[in-house]
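Undergrad: What follows is each chain in one-letter form.
There are 4 protein chains.
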Amino acid sequence: MNRKIRMGMVGGGPDAFIGPVHRLAAELDGKIELVAGAFARDRERSIAGGARYGIGPERSYASLDAMIAAEASRADGIEMLTIATPNQHHLTAAKAAIAAGLAVMSDKPMTGNLTEAIALAALVRDAGTPFAVSYTYSGYPMVREARARVAAGAIGTVRKVVVEYPQGWLAGPATGKQAAWRMDPAQAGIGGCIADIGVHAFHLAEFVTGLRTGMLLADLGAVVPGRALDDDCTLLLRFQGGARGVLMASQISVGERNGLRIRIYGNKGGLDWRQEDPERLWQHGIDGETRIVYRGDPGLNEASIAATRTPAGHPEGYLEAFANLYRDFATVLRGGSAPLLPGVAEGLRSMALIDTAVAASRDNAGWVELQTEGELS
Amino acid sequence: MNRKIRMGMVGGGPDAFIGPVHRLAAELDGKIELVAGAFARDRERSIAGGARYGIGPERSYASLDAMIAAEASRADGIEMLTIATPNQHHLTAAKAAIAAGLAVMSDKPMTGNLTEAIALAALVRDAGTPFAVSYTYSGYPMVREARARVAAGAIGTVRKVVVEYPQGWLAGPATGKQAAWRMDPAQAGIGGCIADIGVHAFHLAEFVTGLRTGMLLADLGAVVPGRALDDDCTLLLRFQGGARGVLMASQISVGERNGLRIRIYGNKGGLDWRQEDPERLWQHGIDGETRIVYRGDPGLNEASIAATRTPAGHPEGYLEAFANLYRDFATVLRGGSAPLLPGVAEGLRSMALIDTAVAASRDNAGWVELQTEGELS
Amino acid sequence: MNRKIRMGMVGGGPDAFIGPVHRLAAELDGKIELVAGAFARDRERSIAGGARYGIGPERSYASLDAMIAAEASRADGIEMLTIATPNQHHLTAAKAAIAAGLAVMSDKPMTGNLTEAIALAALVRDAGTPFAVSYTYSGYPMVREARARVAAGAIGTVRKVVVEYPQGWLAGPATGKQAAWRMDPAQAGIGGCIADIGVHAFHLAEFVTGLRTGMLLADLGAVVPGRALDDDCTLLLRFQGGARGVLMASQISVGERNGLRIRIYGNKGGLDWRQEDPERLWQHGIDGETRIVYRGDPGLNEASIAATRTPAGHPEGYLEAFANLYRDFATVLRGGSAPLLPGVAEGLRSMALIDTAVAASRDNAGWVELQTEGELS
Amino acid sequence: MNRKIRMGMVGGGPDAFIGPVHRLAAELDGKIELVAGAFARDRERSIAGGARYGIGPERSYASLDAMIAAEASRADGIEMLTIATPNQHHLTAAKAAIAAGLAVMSDKPMTGNLTEAIALAALVRDAGTPFAVSYTYSGYPMVREARARVAAGAIGTVRKVVVEYPQGWLAGPATGKQAAWRMDPAQAGIGGCIADIGVHAFHLAEFVTGLRTGMLLADLGAVVPGRALDDDCTLLLRFQGGARGVLMASQISVGERNGLRIRIYGNKGGLDWRQEDPERLWQHGIDGETRIVYRGDPGLNEASIAATRTPAGHPEGYLEAFANLYRDFATVLRGGSAPLLPGVAEGLRSMALIDTAVAASRDNAGWVELQTEGELS
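Residue numbers (the working numbering), protein chains in the order written: chain L, 1 to 377; chain S, 1 to 377; chain C, 1 to 377; chain W, 1 to 377.
If you're looking for bench data, these hints aren't it; they were derived computationally from the structure.
Hints are not guaranteed to be accurate.
Chain copies aren't distinguished; within one or between two, either way the pair holds.
Unchecked claim - Simulated crosslink set (BS3-like; lysine-lysine; CA at most 30 Å straight-line): (1) Lys-4 to Lys-31; (2) Lys-268 to Lys-31; (3) Lys-268 to Lys-177.
Predicted model only: the values in this text are computed from it and were never measured.
With the hints as constraints, model all of the structure from the sequences given.
TA: Here it is as structure tokens:
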């Protein structure tokens, strides 16, 4: 019962950023263990990737298919697959995992384009596969606290959301492997910045407010000369029910590291959270009172308490947030319920966002509708 | 030569916010002195207003015309007029002052609508009247420092500007005199939030970058039920030359006091300045270096040094910024040059912004052109 | 009744820092006007000093005595004297002013040493002269708010005070006039850093808490080689009633501009205020709640409301704080009461602090008593 | 070669705070695995403790001796022991581990008193046991960066150190297990706040500066009525070579969570780091330049790069810092070198600090010498 869930990974090879993060997050609570991987499509590189994780050559495979086949024949074979490849391989990997009866934790965005996402969503639903998408920032305790407070009416009816995600690391030419694939349509799909970080901002806005976006207006730009995909995006949002939103994502904002921030204004109060100062949530009241709520403070909601590992003042960060998604995922695999975990529905919505925003911006289409999940499937 | 310039005021009566601020700012450097006013249109109230400023009843007039007539006959009569009335009276007051040969410091926005602004601009140009518009925030030393740094190429070519001006004080019903007139089209004109604070953000963006807005897309909302004018605005901007911009102004952002902030990203660096922390300018380099430049630090530009009164670490604020406009104005009246002082051209541009944004948003017009000063006059 | 109080100044010549600040602060509210000065002991330099202030040569005197004599014979002669000289001239200037029936606003510290302070305190009391000492930081609205909250029991019984005042500007050799006199015992007296800024921290601690220091332990150092006076001080304090305190003042803390900060901890809560972020007061409750109280917020105490000129979010700073002392002083001169204005008692206490701390540190005396005002006079 | 080091734990039972933290930290990098424990002295509670960690009853022992005996007979028995008991059990546990040939990671402070520490230091040296003490904060990347910068001369000769560690959680009566044992001399030893957190501040000061404390003056107080041990401490430090220091540690500072902060001033610059904002290091130059250096920025020192797991802007925190100590420890156990890892020398020094400070404060002894390691052994 206490044994660890056995995880495989596809992607996450020797130069990868997100692979090691998935592994640290997955293993943090001692509920999951990375035991095998198809870390790269070259056998030597896959073995080198495995060595980073302490995985021996015998379980460092040269392809996902090879891994699935070999692991299926082991008594201690993998039970779940983490997908950490570039976007355009997500669907293929997910399909193979589903066919093999493996649960799936997919990096975001869910697939390379909307058509693939619709297909994948259908597959997942039909197969009943446990499936999560790594919208990491929703794992932060104070993000979950914010969601709980909005839901409890702490700021009244939401009127306005400003969510922004500025980065500066692609302000220069996109050199290096991390940069290169993100700006290559063959690997990243149709969206650049919007697909890489815009979807995080979008998910965060819907996650915290509980609202669904009805309409949007998109202005995507490829600022750095010669770039084929967008590196700077502004979206105006209109939520169902009428609340107004602004979403800004940018990778040419020199000096910004990872400046995800969300501000939500209601008719009774406001909330403000910043990813680079994640332990604190600012809460404003219509009466003029401003409070700073710290992770670990007395009086917080169960949702944030459950996502907490150390006392107030002992900074938790990105890994712990990510680990909360994996902890939720383990809960699901053990038969429990994890209502905050982003799944195929959230993945599908984000793909619709990318598709809609890219088309609307390209066509200078003004306000356009964002299809609902019902309309999409 | 050292004697003080004699200033009259129209508006700024017993309940006014901005009248006393104009007076403090005007007098701070000992170059200008408020000596008379038509503080309200009711004689009793004008006298009460005058008493706030230490002006006796004999120079607290019941109308601007009365003030102009009486002061013209005094050897020590007023030489300049500060206009601190609601927007729809600005043109009338300015006309009377120009006709009387008085220099004019007008509160922003310059007039009640664009047609008036065009007329006023022509009058000012024909008469050669010294004329300033109180875009106060351009008086902050570190704003002027930012402008100088951009001009000197510190961040390279500007690619992106994010300027935001959130306030929360109109999130509830607009009670109180200050709130009421701003949401009354008869007094405020066609713009609410866009005219009250959006124009500050707009001026700041053009002031710091030296760029001119070519196109805009406007999304103005009247969020609080029953409101006739906008209280929340988002504008997408495209500057001449192609730089991208986002302008957000809001008066329903609960918990925000006066959160004007500007971020400018170029191909070599970035700048970040916040009005509520006005002594510091954040400067980022493409090489990853982040510096905080403090007002009063060694090595600053002449433009900010000249706008400084106390050493670093002795906080200067809003009044000093405002006083810098008046100091510039006094320089002009003494025959000097003050290239940073906002004048009729800036006033006219802002009126075009209001007019264009309100129409474009109402008509859901998508991207529209912002007329240049040449096209306007 | 509304006419301005006529102020003279001694000191504040062409290169002075604090003279222009006194003038701006004095005149900010239109209740006081600088009309004459003995700005330097050289006539040419005094005239040059006067020109900075718009004072003509005829009232720019070469000595205080000359000013007093000449002004006494004018119908519009000065009514008060601001003393802005180096410390060792304070007593002489104050004596002359008292003898001439002038009210006195003295820069801090009150005199060059404790003996002088005792003598001056007696003179002031005997003459009944209105006398203030410029402990500027007590003029900040949020400092007065903090005091009011402590007095009202918001944090319960005070247990601990940490007051610090780090600066870095004397970390290098003391070049320049401002630096040189502060490190010259002949001009500054027996204390360097302790007398220049330590006294501000000391006054702030007693002002906000309402407590009186009973014992202290002093560790003063002259860190920069060759320096005759202290440039870095730590004091342990024990307040009457038993509360503990730490006072740090330093002028060799590279990178610190003017980092005065006070934290007060009681058995029910805590307060935290920083001079470089003066508009905000942090308030902590024993229940874990942290609030940020902004100047201008609803629900503040009368003491801070009265010290406020602009709405929340329009930064006020050092000049406004200083002007609050002058406004209090004008109130006293007009026959009113200003209980928060630092006077001769506070000046005397600070001189006792300097004297006691310097001796105790030199003698490595451990804990020593700080004499009360009663014991001193 | 890649197999995990097998770790046992003593202490860390069902209600413990630090036990789970040790486990998360130890396992974060996949180099160490907790496999057994004597989590409590009651068998039922030890089993309950083990269940928290996924350790079965068969390896959840009722005593350290039982664990050592049983594990020694297993092929997969423990190789190292983490000591997570209250202070007074540290020596006994360490002795048993050393005798059994286990490497030791001890929670701080190293022992219950100095005599024990001297004995333990001798034992460790004689046995050659790998031995570390969990001065967690020295594991933060930007702390290691600060140390490297000081060593490289970035701020010149160190003149002044201010290290403070305010907490508020013991401002009320010490209820709860965590609070109770810390204020019980039978469990905590002779020091309260000084032993619990003062030693962290002390270690940090010596770690970052590379200096050794020569003399100290201590003022320890038991502020909350009825308390037998100190809950608020101020120490003046004089480092060998003459640099001045102030160390403040407090557990009655209401509103402070875990406010460890260090500021270091040299003759060429200054550094400032705060544990609750651990990703940023402020660096000041004597020329007036202020820079913020972020973890993950280009151009950092190898020491901080090696202690980093995620890119800049993805907040790392307390667990990652702690894990860096365990990673260093694993390096040592694998035969490598980890010069930054706090060991028995640092543990001994801290015990001397507690002993000296408690005695000096009790006796009001003024400045006293802090014995060197040579003098101690």
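Undergrad: Under a CA distance limit of 30 Å, which applies to Lys-268 and Lys-177: within one copy, between copies, both, or neither?
TA: Close across copies (22 Å), not inside one copy (47 Å); limit 30 Å.
Undergrad: Cα distance capped at 30 Å. Does Lys-268 pair with Lys-31 within a copy, between copies, both, or neither?
TA: neither (41 Å within a copy, 42 Å between copies)
Undergrad: What label fits Lys-4 with Lys-31 when the C-alpha limit is 30 Å: within, between, both, or neither?
TA: Classified as both; 5 Å inside a copy, 16 Å across copies.
Consistency with the previously given hints fails for number 2 only.
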